[in-house]
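Enquirer: Each chain is listed here by its residues.
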Amino acid sequence: MNKTIVIVGGGPAGLEAAAALGSSPHHVLILEKEHNTGGKLKNWHHLFPNFADASEILKSLEKSLPLNNSEIKYDCDVFKMEQMDGNLLVSLKSGEKIKADAVLLATGFDLFDAYKKEEYGHGIYKNVITSSELEGMFVNNSFPDQLKDGLPKKIAMVHCVGSRDKKAGNMHCSKLCCITGVKQAIELRKYLSKSSVYNFYMDLRMYGQHFEELYQEAQEDYGVNFIRGRVSEIAEISDGKLQVKAEDTLSGRPMKMIFDLVVLLIGMTPATSAASIAQSLALPKSGSGFLAPVHQHISANETCIPGLFLAGTCREPLSLQESITDARAAALKIIEWLKLKDNH
Amino acid sequence: MSEWGFTVIQTNQSDMDQMDRGLIAKIGNAEPSIFWCIGCGSCSATCTAAQFNNFSPRRIIQAIRSGQVKDIMGEVNKCLLCGKCQLVCPRHVNTRNILLNVKQIMGQDAI
Amino acid sequence: MRFDYFVVPFCAGFGYLIIVLLFTYGRWINELGEGAALKIFKSLLTRKTLLASREVFQECLVHRKVFRVNPLLGYMHMSLALGWFLLIVIGKFEASYFTGEFTNEFYFPIFFRFFELSPHRTFTLQFFNALMDFLLLFILSGVALALYKRFKSSAMGMKNSTKHTSGDKWALALLWMIFPLRLFAESLTAGFAGNGSFLTQPLGNLLGMILPVRMLATPVWWGYSIVLGGFMVALPYSRYMHIPTEILLIFLKNWGIKPKDSISGMAFFELYSCSRCGICIDRCQLNPAINKKNQMVYFLRELRAGNEVTQMAHNCLLCGRCQEICPVGIDLTNLRTISRKQKDNAHIHSSSYPSIPMHSFSTKVLYFAGCMGSLTPGIRKSMETILEVSGEKYLFLDKEKSYCCGRPLKLAGRLAEAEKVSQNIKEAIVSSGANTLVTSCPICYKSFKDDYKCELRVLHHSEYLLELIQGGMISIRSGNKRLVYHDPCELGRKSGIYTQPREILTKLGSLTNVEEAYGKSLCCGGSLGHLTISMEEREQIQKSTAEYLNQDNPDCIATACPLCKKSLTKFSESPVKDIAELIAENLIKSNYKDHKTKKSNLAEAVRIDT
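In order, the protein sequences belong to chains A, B and C.
Okay, so the first sequence: first residue is 1 according to this note's numbering, each after it adds one.
Okay, so the second sequence: first residue is 345 according to this note's numbering, each after it adds one.
Okay, so the third sequence: first residue is 456 according to this note's numbering, each after it adds one.
Derived from the structure by calculation, the hints contain no laboratory data.
Here a beta-carbon is modelled for each residue, glycine too, at the ideal position from N, C-alpha and C.
Careful: at least some of the hints might be erroneous.
What the hints assert, rightly or not - Straight line, CA to CA, 25 Å or less: simulated DSS-like cross-link-like pairs of lysine-lysine:
| id | chain 1 | residue 1 | chain 2 | residue 2 |
| --- | --- | --- | --- | --- |
| 1 | C | LYS747 | B | LYS370 |
| 2 | C | LYS856 | A | LYS126 |
| 3 | C | LYS998 | C | LYS614 |
| 4 | A | LYS3 | A | LYS63 |
| 5 | C | LYS819 | C | LYS908 |
| 6 | C | LYS848 | A | LYS241 |
| 7 | C | LYS1025 | A | LYS126 |
Said to hold, decoys possible - The following residues of chain B were derived to be distant from chain C, with all beta-carbon distances above 10 Å:
| id | residue |
| --- | --- |
| 8 | THR355 |
| 9 | MET363 |
| 10 | ASP364 |
| 11 | ALA369 |
| 12 | CYS381 |
| 13 | ARG409 |
| 14 | SER410 |
| 15 | GLY411 |
Same shape as in the complex, but just chain A (with noise of 0.2 Å):
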């Protein structure tokens, strides 16, 4: 008997997700939130740590979409989920209703809002950017002119913006910015080859396959500096000429240096559009809110709700390749679950 999947989310694990599922005889319905899928992979340049494109991997998602047991649906907020005779009922704030066998969460997750940390100035100095607006330039081609005058610059990379920090409310490691702050500071090397760039960290967490190869290169073969202190705070001094403070704990004194540019590696933090359906179905976070599976090792996708599934970043930073490989999982659960379902 033909059922009806809901996916909550049209980025790289939603549409991973209908992919996989494209092979069964179910109905699969994308709800996404925007005017197009993507999620935030439409406004990233290149992925570490081997510079691939971004646009092409989108590419390559959204190409079997959609297929003949799929559609998609734009501009839907999901705003409530309620349990329904073992179904589930989908609520869209346009005041829709669907009747879904399956759901798979797969949200994503919001970047951190830098000005948090308002000690690092970012919302009340020009040249205080994110790291997420550092990718959006190189996609637009739209640096300041102040940057392109072909003159020596000097640009700070500040880590852990919003992660491992209690004062920011988050305890978890984003796990993606170390990575993320070694490959832009190789870009902005490569791109304004005049300049020196110095990277702020706590510690350097190089876990994935190539990360630390990557590090490596940036000392090499871009002169990328690193300095093991966090920020503390940053300064304008005059003509958007910025004072960033730290301590360089490895030499044990405090410092100050002048930038003309500073990047904020900011974290990833639960999604906000997640809030309310998770509200609805009493879903159990993890003490960062991010949504809770019913076993890390076991049953990661699996949430306490029956015919509910969690894909991707809603439950914890993940890469994109971790994200798409934990689609394909989640879409693998489903099916075993609806044959079920039945079966009874």
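Please arrange chains B and C on chain A, whose structure you already have, making use of the hints.
Expert: Then chains B and C, alone, in the frame of chain A:
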């Protein structure tokens, strides 16, 4: 005859098996947040006093934790108590209370 | 001479009390310090004494401030204090009128009805008689309320009442027994002599029907005298020491005597003036479970008992909310602060902190953001924008380096070091030649204004910005945003700046009022005054204060302190902004260009290094 430049005096290694655990035991009890420090240095970076003298909250915490507490009183007294260290600490370390405890505990020991 | 042996306990107690008080007060007055005697002598015959007398009447007798907390609680205190006072005074007049002489045995008025048994009275004496019965009834109603309060303090607006020591409970029992015993003594006497009035006579008649009143009267008068004497012996050692001490405190305060930075002299007057009413307990924002028996009333009790208080002294936000409501007006935060002072000064360190480089400037205005300002660049940047638009030449004193005003050390009781740190900045300020010092930090403001004693105007930026607006130096767009203002402790309660920020905000939008504002304003939880509190406990306070301010879903919470802003932001639904930021957002920059061409680059250009 010329002298060999590397005269052997005392060892420079810190012997962690012989470290003085007295102070960290007492402070850890009164202000457990001393154990939460990850040595990021934001406290020392923002520190008002550290701009002018060699005061460093991070180093004091590290010194207490590794039992190197010989000259700690002189260090602790350089603090201006402005509290910015606590405002920037990502781990909620209660730096000022650690210093206060050093003063109280060492002060008592001195008497 | 009118005498009976039963008056002996009263006289002994009274005599003992007088001796102890004279001795104690003598010692404290001696400790008031140099110049105190001269100050008192100079003020003795001035208006200050009259004002003090009025305050004694209002606070010691009528208990006006307690009335403000809760009318029923006020009535309870008033009936006991004013009632008893009038009972003594009118009793004295009654006795004098009766004997025709002003002086008589000092115990005579108190035991008047025992000695004066004649029921045939003139109209005046009957009037006195009725008045005395009325006053007794007045006091008894207070005793009844006090008894009720023991069981249900919430009826008088108090969630928590003081947990008294057993000594205080004994003194309390004695106090409560005085008036019923007097009632029974007078009633029993009236029962056979008929010298009572509307209260004691019917009760006496009633008792006369069932009891041998003539036989019982004297033993009950004995009881009355013993309890009175006992109470007076207990008084100096119990909380009731506040009764005589508070009167002296009010006079001393009005004569300009200030507490020193040690527990001596004036501090003792303050300590012993605490009646342990417990009104301060509910005001404390520290978690009651963690902060058990640490609120001011308990702190003062321990301090008075001479116990070790270092730990207690540190466990306080120094927000001053308790001080604001204290009916006695004790400088509570000062007592906490000076108790933090280290007993051994052997470890006081002599670090030297390089001062702001000294320049002579051609600017009239100095701007000092404060060290906390480096963590709230929004405020600094806004102030720079506003000052630039206003065209005022100014110098940003701590633009590149942070300097400490010294107040945090002072709050921690390290006064000598605070003085030393402030000395350096003071020199830089004085040598600048400027006439106005503007700061964004209420902590620095308090410090500059009260401790530095510089010969220039010290303004918080809320005062200065209002001046700029009123003087037409800047103009702002009015909006319709719903704003709520949070009074910072150091700006409001400690420095008395309440109206200027509000005046600015009413120009910017519509200001909604919350109940806990002005002197009652909540602490944001960021208080520098508390050294030992954990960040988790701080966050509890920050959260509850932020939630409180968000109760009416304002568009913005306005405040005027970088620390408050930082503390409230994390837990606030609506954005938290400093007044300077709100002004900068709504600044009309039409005539900005004129200023800019005329007075370019501000003080940077006119700085002359010496």
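Enquirer: Give a verdict on every hint.
Expert: So, going through the hints one by one against the coordinates:
At most 25 Å may separate the alpha-carbon atoms for a hinted pair to count; LYS747/C and LYS370/B meet this at roughly 23 Å. Proximity of LYS856/C to LYS126/A is assessed by CA-CA distance (about 21 Å); at most 25 Å being required, the pair is judged to hold. About 21 Å separates the Cα atoms of LYS998/C and LYS614/C, which keeps this hinted pair within 25 Å; it holds. Taken as a hint, the LYS3/A and LYS63/A pair is honoured in the structure, with Cα atoms around 24 Å apart against an allowance of 25 Å.
About 18 Å separates the Cα atoms of LYS819/C and LYS908/C, which keeps this hinted pair within 25 Å; it holds. For the hint pairing LYS848/C with LYS241/A, the CA-to-CA distance comes to about 22 Å; that is within 25 Å, so the pair holds. Simply put, LYS1025/C and LYS126/A have alpha-carbon atoms about 23 Å apart, close enough for the 25 Å limit, and the pair holds. Remark: the non-interface label on THR355/B is consistent with the geometry, its nearest Cβ contact in chain C lying 31 Å away (cut-off 10 Å).
At the 10 Å boundary, the C-beta of MET363/B stays outside the reach of chain C, the nearest C-beta of that chain being 24 Å off. With a minimum CB-CB distance of about 19 Å to chain C, ASP364/B clears the 10 Å threshold, and the non-interface call stands. Listed as a non-interface residue, ALA369/B keeps its Cβ farther than 10 Å from every Cβ of chain C; the least gap is roughly 18 Å. At roughly 13 Å, the least C-beta separation between CYS381/B and chain C is larger than 10 Å, which holds for a residue marked as non-interface.
The beta carbon of ARG409/B sits about 19 Å from the closest Cβ of chain C, which is more than 10 Å, so the claim that it is off the interface holds. No Cβ of chain C approaches the Cβ of SER410/B within 10 Å, the least distance being about 23 Å, so the stated non-interface status holds. Non-interface call for GLY411/B relative to chain C: holds, since the shortest CB-CB distance, roughly 21 Å, exceeds 10 Å.
The structure meets every hint from the earlier list without exception.
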